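Peer 1: Modelling step: build the complete structure from the supplied sequences, incorporating the hints.
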Amino acid sequence: GAVVSQHPSWVICKSGTSVKIECRSLDFQATTMFWYRQFPKQSLMLMATSNEGSKATYEQGVEKDKFLINHASLTLSTLTVTSAHPEDSSFYICSARDVWSGVSTDTQYFGPGTRLTVL
Amino acid sequence: GESVGLHLPTLSVQEGDNSIINCAYSNSASDYFIWYKQESGKGPQFIIDIRSNMDKRQGQRVTVLLNKTVKHLSLQIAATQPGDSAVYFCAENGSSGSRLTFGEGTQLTVNP
Chain L
1 GAVVSQHPSW VICKSGTSVK IECRSLDFQA TTMFWYRQFP KQSLMLMATS
51 NEGSKATYEQ GVEKDKFLIN HASLTLSTLT VTSAHPEDSS FYICSARDVW
101 SGVSTDTQYF GPGTRLTVL
Chain W
1 GESVGLHLPT LSVQEGDNSI INCAYSNSAS DYFIWYKQES GKGPQFIIDI
51 RSNMDKRQGQ RVTVLLNKTV KHLSLQIAAT QPGDSAVYFC AENGSSGSRL
101 TFGEGTQLTV NP
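Just so you know, the protein sequences line up as chains L and W, in that order.
Just so we're aligned, residue 1 is where the first sequence starts under my numbering, counting upward by one.
Just so we're aligned, residue 1 is where the second sequence starts under my numbering, counting upward by one.
The set of hints was computed from the structure by calculation and includes no laboratory data.
It is possible that part of the hints are untrue.
If we take Cβ atoms under 8 Å as the criterion, some of the chain L residues that face chain W in the derived model are [claimed, not checked]:
hint : residue
1    : Leu46
2    : Thr107
3    : Gly111
4    : Pro112
Owing to the predicted nature of the structure, the values given are computational and were not obtained by experimental measurement.
The beta carbon of each residue, even a glycine, is placed where N, CA and C say it ideally should be.
Peer 2: Now the structure itself:
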């Protein structure tokens, strides 16, 4: 159980284009999903918290107009990197929290990540 | 501010030995801690968690110890195997509820 998928697993795009990354919880419902970015040899940095049916909460320094997040259902959140530039190249990882756990300190289950390369 | 750090960036052990990975946290309000394993090019994989009302929890070949007095967390892996080679992150929820703060990670290398 608690499987999270991401699509695509990797993407290469030209500078200035937009890229959409999907995050799905496959066997549970998730009211809350999280988007992280990870640069090589570094830890995970939280970008935003995605809540089903409401606006995402972005971390300080993350441009909400550049990283569009949509959480339209209890099993799907999308991250769109708009007008991507080479500095946006990174490993993007989502996680999801099981809605039925019932306590505030729920475990986050992570997707396999999406490698974005912007040329 | 909140921070979770690791004492050692790398750890090399022989196959069959026990491994101990350490983590220091600074937020005394943290009440939930998780250890994740991340293999190259993959997402973090849940290993084991512990709540602040416990000081020890055991899983299959893994044990997590929590010392709230000195704000220290450790992950012990028994009979380490080559497949255990990965980066290990500790994470804590701090005072923010569901948000997790990750440590810097420790690269564990298991030598055959």
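Peer 1: All the hints need checking, so say for each whether the structure fits it.
Peer 2: Checked hints:
1. Leu46: Since chain W brings a Cβ to about 6 Å from Leu46 of chain L, closer than 8 Å, the hint holds.
2. Thr107: Hint on Thr107 of chain L: holds, closest Cβ of chain W at ~6 Å, below 8 Å.
3. Gly111: Since chain W brings a Cβ to about 5 Å from Gly111 of chain L, closer than 8 Å, the hint holds.
4. Pro112: holds (5 Å)
The structure is consistent with each of the numbered hints, conforming to all of them.
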